[in-house]
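Number of protein chains: 2
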Amino acid sequence: AIVNTLLQTDSQTSDWAGRRVVITAGPTREAIDPVRYLTNHSSGRMGYALAQAAARRGAEVVLISGPVSLPTPAGVRRVDVTSAEEMWAAARTEAAGADLFVGAAAVADYRVDSVAEQKQKKQGRDGQWQLTLVENPDIIQGVAAMDQRPARVVGFAAETRDVETYARDKLARKKLDWIVANDVSRSDIGFNSTDNEVMVFGRDNQRYDMGRQPKSVLADALLDLFARAD
Amino acid sequence: AIVNTLLQTDSQTSDWAGRRVVITAGPTREAIDPVRYLTNHSSGRMGYALAQAAARRGAEVVLISGPVSLPTPAGVRRVDVTSAEEMWAAARTEAAGADLFVGAAAVADYRVDSVAEQKQKKQGRDGQWQLTLVENPDIIQGVAAMDQRPARVVGFAAETRDVETYARDKLARKKLDWIVANDVSRSDIGFNSTDNEVMVFGRDNQRYDMGRQPKSVLADALLDLFARAD
Chain S
1 AIVNTLLQTD SQTSDWAGRR VVITAGPTRE AIDPVRYLTN HSSGRMGYAL AQAAARRGAE
61 VVLISGPVSL PTPAGVRRVD VTSAEEMWAA ARTEAAGADL FVGAAAVADY RVDSVAEQKQ
121 KKQGRDGQWQ LTLVENPDII QGVAAMDQRP ARVVGFAAET RDVETYARDK LARKKLDWIV
181 ANDVSRSDIG FNSTDNEVMV FGRDNQRYDM GRQPKSVLAD ALLDLFARAD
Chain Z
1 AIVNTLLQTD SQTSDWAGRR VVITAGPTRE AIDPVRYLTN HSSGRMGYAL AQAAARRGAE
61 VVLISGPVSL PTPAGVRRVD VTSAEEMWAA ARTEAAGADL FVGAAAVADY RVDSVAEQKQ
121 KKQGRDGQWQ LTLVENPDII QGVAAMDQRP ARVVGFAAET RDVETYARDK LARKKLDWIV
181 ANDVSRSDIG FNSTDNEVMV FGRDNQRYDM GRQPKSVLAD ALLDLFARAD
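For the record, the sequence lines run as chains S and Z.
Every letter in the first sequence is one number past the one before it in my numbering, and letter 171, counting from 1, is 171.
Every letter in the second sequence is one number past the one before it in my numbering, and letter 128, counting from 1, is 128.
No false leads were slipped in.
Stretch by stretch, here's where chain S covers chain Z in the computed footprint (C-beta under 8 Å, at least three residues):
no., stretch
1, 35–48
2, 106–114
3, 130–137
4, 156–164
Calculated from the structure, these hints are not laboratory results.
Keep in mind the model is a prediction, meaning the values are calculated, not measured.
Just so you know, even glycine gets a beta-carbon here, dropped at the ideal spot from N, CA and C.
Generate the whole structure from the sequences, applying the supplied hints.
So, in structure tokens, the structure goes:
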């Protein structure tokens, strides 16, 4: 019985052996000047949990990470980036030919059109400052359109309303295989929480509701799903 | 000799006994929507070091802190805030009649004019987004103009060029007693560093250059300066 258990565990923990997994995690920071920046509330926990689970299960894992205060999971190769443009450059390089790409990072949709080299002083008599933002590269869409597209491309959708509608639209428009959606207006899950509760939508109209659970447990459930042959 | 040393230490560590010190620290975050925000690179370390030193030397210390990942120093009462407007509300309440107010926080000069209740979607055909920012309350200037103005009001100036010019201008314009200035374009000191190197300017044209040293040591040197009778 003991041998059987060990074999099962060994089999379970190595089911991703020989596969290459690339994951983005955390926020990006978009500089306004040397002092100020735009960012978002992503803690990186979901992406890091996925990287840890995939490595534990035998995958070769590259974790492309925005600025977060989390330790690098054992066996994971971590590439640190700051801005969305840096994350896109790293993703393009690492994702080519991968078995799985998961875009768990909360990439800033916009950056400042021209970053000031000096700290900007208060300006204008009316006390207003017009900041012109321009669109960042769309990393998940870009990866899904690569010549050497990863076998599976999984996106995330952090929404505050109409979660399913926005998520399904993003899945189809960006030609993803799966999208993991959550409601970030809830303070008990999502950003900066150790728990998450998500809905997963597949390109063949699948829907899985994954109830509230620790991100580490959810990571294994998601990998089970992404491992399936279509 | 042993008694003498103990007495000196005791005297040294209680020289702020009976005095009330209010310190702001860390960045502020200005929400754009439930997901995105504007902020800056302040780690809060300098303000926390000052709070710790003042408490150790016997002061009653209130630390008004933006979002940072630092432990609260022993004996310090910490008031957590997020935005500049929240910090101003807390500062106005706590600073009245204090012996010393130190504005070590890197307060966002601007906030978004109207915070969106829902996560904003990409907008516009041209891929641009105009973000209208409006001025935040000027906390240090407001405190220095209070009816129950603290006996000493100390500001900070984080500059990337012309450090002395900007700092002296801020000192005079905001009617401060002291201003602590540093060059945040240097990566070896300042934001997110454990060391700092500052110049301190006084309202009577004093200037002190305080060479590179740990922020904990610098905190004691600054308190020595602020403790002096004028």
